[in-house]
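Generate coordinates for the entire structure from the input sequences, incorporating the hints supplied.
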Amino acid sequence: MTIELKSGAPSGDIQTAWSRHKFSMQIVNPANKRKYDIIVVGTGLAGAACAATLAELGYNVLNFCFQDSARRAHSIAAQGGINAAKNYQNDGDSIYRLFYDTVKGGDFRAREHNVYRLAETSVNIIDQATAQGVPFAREYGGLLDNRSFGGAQVSRTFYARGQTGQQLLIGAYQAHAKMVAAGGIKMFPRHEMLDVVVKDGHARGIIARDLVTGQLKRFVGDAVVLATGGYGNVFFLSTNAMGCNVTATWRAHRRGALFANPCYTQIHPTCIPVSGDYQSKLTLMSESLRNDGRVWVPKDKKDAFDPKTGKVGRHPNDIPESERDYYLERRYPAFGNLVPRDIASRAAKQVCDEGRGVSYNGRGVYLDFSDAVRRLGKAGVEARYGNLFEMYQRITGEDPYTEPMRMYPAIHYTMGGLWVDYNLMSNVPGLFVLGEANFSDHGANRLGASALMQGLADGYFVAPPCIGNFLAKRKPQPKSTDWPEFAAVEAEVKQRLSTLLSIKGKRTVDSFHKELGLLMWDKCGMARTEEGLKEALVRIPQIRDEFWKNVSVPGSDTGVNQSLEKAARVADFLEFAELMCLDALERRESCGGHFREEFQEEAGEAKGEAKRDDENFAHVAAWEFTGVGQRPNLHKEQLTFDYVKPSQRSYK
Amino acid sequence: MDLTLNIWRQTSKDSAGNFETYQLKDINEHMSFLEMLDVLNEQLEGQGKEPVAFEHDCREGICGSCGLMINGAPHGHLPRTTTCQLHMREFKHGDNITIEPFRAGAFPVLKDLVVDRSALDRIVQAGGFISVRTGSAPDANAVPVPKDEADRAFDAATCIGCGACVASCPNAAAMLFTGAKVTHLGLLPQGQPERYDRVTKMVHQMDKEEFGHCSNFGECTVACPKGIPLDVISQMNRDLLVAQLKGRSA
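Protein chains in written order, with numbering that gives the first Met the number 0: chain Y, 0 to 651; chain C, 0 to 249.
Treat the hints as calculated values from the structure; they're not laboratory data.
Just so you know, even glycine gets a beta-carbon here, dropped at the ideal spot from N, CA and C.
Here are the simulated lysine-lysine pairs, BS3-like style, with alpha carbons at most 25 Å apart:
#1 Lys472(Y) - Lys198(Y)
#2 Lys12(C) - Lys216(Y)
#3 Lys48(C) - Lys503(Y)
#4 Lys474(Y) - Lys198(Y)
#5 Lys505(Y) - Lys48(C)
If you want the footprint, here are the derived chain Y segments under chain C, 3+ residues with CB under 8 Å:
#6 50–58
#7 154–163
#8 172–181
#9 274–281
#10 386–395
Written out as C-alpha cells, the structure reads:
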C-alpha cells in the first residue's frame, strides 16, 4: 500500500499559518453540532480539555477512562510546570523563541508548523487555566511567577508548587464535570477501550470493556479521538502510572493508523534510583530541582559504589568540595545543571559507567541542595520544593535538607506516537490523536514543562476546530452498533480475552512484563547498538510466544478482573516492543532521546555527543502494520526546516 | 520481615465478604505497602488463585486512586501519607496487619478492596467549577490575586479526591472534600460570581449521596494525606449561611 504522508500545514509565513488555517476551515452550524457524536478516549489534559471544549461547542461527547474517575489520569503526576511565551518576566521571551527552543530541543526532528502553533497557543492556556481557578504560583504583587527549566535561557515556566499537573488536570476536570452535569459529556469511567471500529475507511467507533461487569460494549460516533498517553510502560519500570498502556494506540495501529518514531523515548535524568527487584515503578523528581540542586559524583572511585563489597565509600557529606565532580557544570558551562533531559541523562550514565556511580547498585548520582539551603535558608528551599522533598523522604527514608538526594535516569515520556497531520488526524479519516499519544510536536526530545503545554493546546485549542472542520465536510452519517464491522471487532476482542483466560500456564503476567522491560531497558534504553537491537528483535518474539503458551490469568471475563486487564495490556506491549526496536535499528543516527552508540561525535569539543544525520534521517518514520511478527512497511514524511536551521545542539 | 495479613475478600458488590489470612515472608523494609501487596498477588497468581483486587495507579501519592484501611486507619497511621507512599519500614517483623476497603455507605464495595467513589465526582459536577468557556478567558495577569489568598486557595486545592476523609469519619461525612473545593474556588476572585450557588448546590448533592453530617470530630483532617485543614469546613458553613441569607437554593 502506498500512503502519501502530507502534513497539510499551510504554506507561507509560519507566523500567520494557524490563523489562516483556522479561517480556511469549515464550521458546523450551531444547530447541527448536536447531531454529531464524538468519542473521546482518555481524560488526561488532552482528553478532558478536548471533551469539555467539544461539549461546550454543542457536540455530544462520549468520554472513556479506565480509572474510577476522570480526575485520575496520569497528567496529574506532572510536577514542575508548563511553558508559555507570555514574557511576563521581560527577559526576552517571545512566541518565536519558544518555537525556536522547542525545535532545537527536539533535535530538529519535529514539524516546524506544529511547533510554531504550539508556542502560539501556549499563551492562551495560561489565561484559560487561571480563569478556571488553577492556583499558579504568584509573586507578592499578586501577579504570576515563573521559574526556569531545562533547554531555555528565559524563565517561562508557570507552576503550582510541585503539583502543576495536578492543578491543571483538576482545572480541566472541573470544566469537564460541568459539561457532564449539563449533559454534553456522557462519561464512562472504568471502561477500557480495547479496539477501534473502522467502517468504509473511517474510524466510527470503539469496543470498550466495562471493568466492573466485564461486559464488552459497542460505541458508535462520527469521529474517534484518542488521548490515551504514551507507551513508557513497555519498559515495565518507568515513571508512568501503573495503568498507562499502549493498547488504544496499538489497536488503532493494527487497524491501519501509522505509528511514527516509536524509538523516540525520553529518559528523565532525575528519578529516585531502583532499590530492589520488587520495585513496581519509579518516581520522578521534578526537573525544576535542577534550578537549585547541583549534580555531582565523587571524583575518586573509592567514594563510589564498589560492586565487590556492595557498599558506597564515604558519606557524601564527608566528601570535600575539591573531591566532587560537578560534571554538568564542568562539561556544559553555559547551561550547567539545566541542560536538556537527554543530555543530562546520558551524562549520568557515562559517569556511572566509569565506575563513579553511587546508590544501591552504582546506578546513581547526587543532587545536592546544600548550597541552596545556605543561600535561601531551609524555609526558602521548602517554599520552592517542599512537597518534592517530602516525597523523596517518604520513599527513601533520607532527609534531602541535610544530605544529597540520589538520582538516576528513568523512562518518563515517549515522543513517538500515532502519526497525525497538521489537523491532528491520523491517516485513518475520523481518527484524531492528541497529547502524548501522537508524535507531532517534540521531535526526538521533549523539553521540560512542554508536555502539559502540548496536551492542553491539543485539547482546548487545536483539536476542536480541526474536528469541526472534518465533520463539516461530512454530512451527519447514519449510526448503528449493529453494523457487521462492530460484531466482527467485538468477536475478535472476545476471542483474545478468552484465549488469555484459557492458557492457564505457569507464569504470571508481571513476570513477562518484567522480562520484556529489562530487555528493552538494556537494548533499547538510554543507549542503543545495532547488535543489541538485533538481539532484542530475536528475543521479543520468543517472550511473546511463551506468553501466549504459558501465562497464568486467574478468574473469568465477568466482574472485576485486574489480572485480565494487565494481561491484555502486556500482550500489546509484546507486539509493540518489536516495532520500537525495529525503528531504533533503522534510524542509523543519534538524535535527542535516541542515542546509537555507533553514531557519536568522535573528536573535538563535541566528543561523545549525539551525531545526527540530517541528509538521510531528517524524516518522520511512520510504520504500517502488516501482521504480528511481520515486517511493517515504512513510510517517510520528509521534514523541512525553513525557519530554524538545523545545527549541532550546543549547550556548552 | 515476616507478616500476617488479614484481608477483606468480597467477590462483587452484592456478595457477602469475609476476612482471609495470608502469611508473607522476607518482606524488604524499602518496599512500599502496595509493593508488599504485589508480592502477595504474585504468589496467589502463581498458584492460579485470584489476586486481591485493590486500586492504585500513579504510586506517587497524587492520583488519589489508592486507599485502604490499614489497621483501622485510612492509608495507615503515618500522617500525611497515601497508601502508595507508605513503606514497610513503618512495620516490624511479626506484625499482624488488617487491610479493609474504605468503609462508607456512599462508597459501595465493588470487589475486595475496591470501592465506588463516584459520589465524589457527582459533588464536583453539581457545582465544583468556575464556568469559563474555552477561549473566553482574559489575560492571566489581568486579575492580581494577593499571594496569601492564592496560597490558602492552593492549600485547599491540593485535595486528591481519595476519600480518606469520608472513610475516617464516624458519620462518613464528605465535608472536608466538599469544603476543600468550596474554599479553593471561593477564595479566588475568579470564583466569586458563582460562589454562593456553588456551595448551595454542592452541599445539596452531598446530602443526596447520603454522606453523613459533620459533628466536628476532626478525624478527617488527621486522615487526609494532603493535610487539608479543618477550617475549610467552617469556610463552607459560612458560605452556606450567606447563601441562605441571600435566598439561594439548589
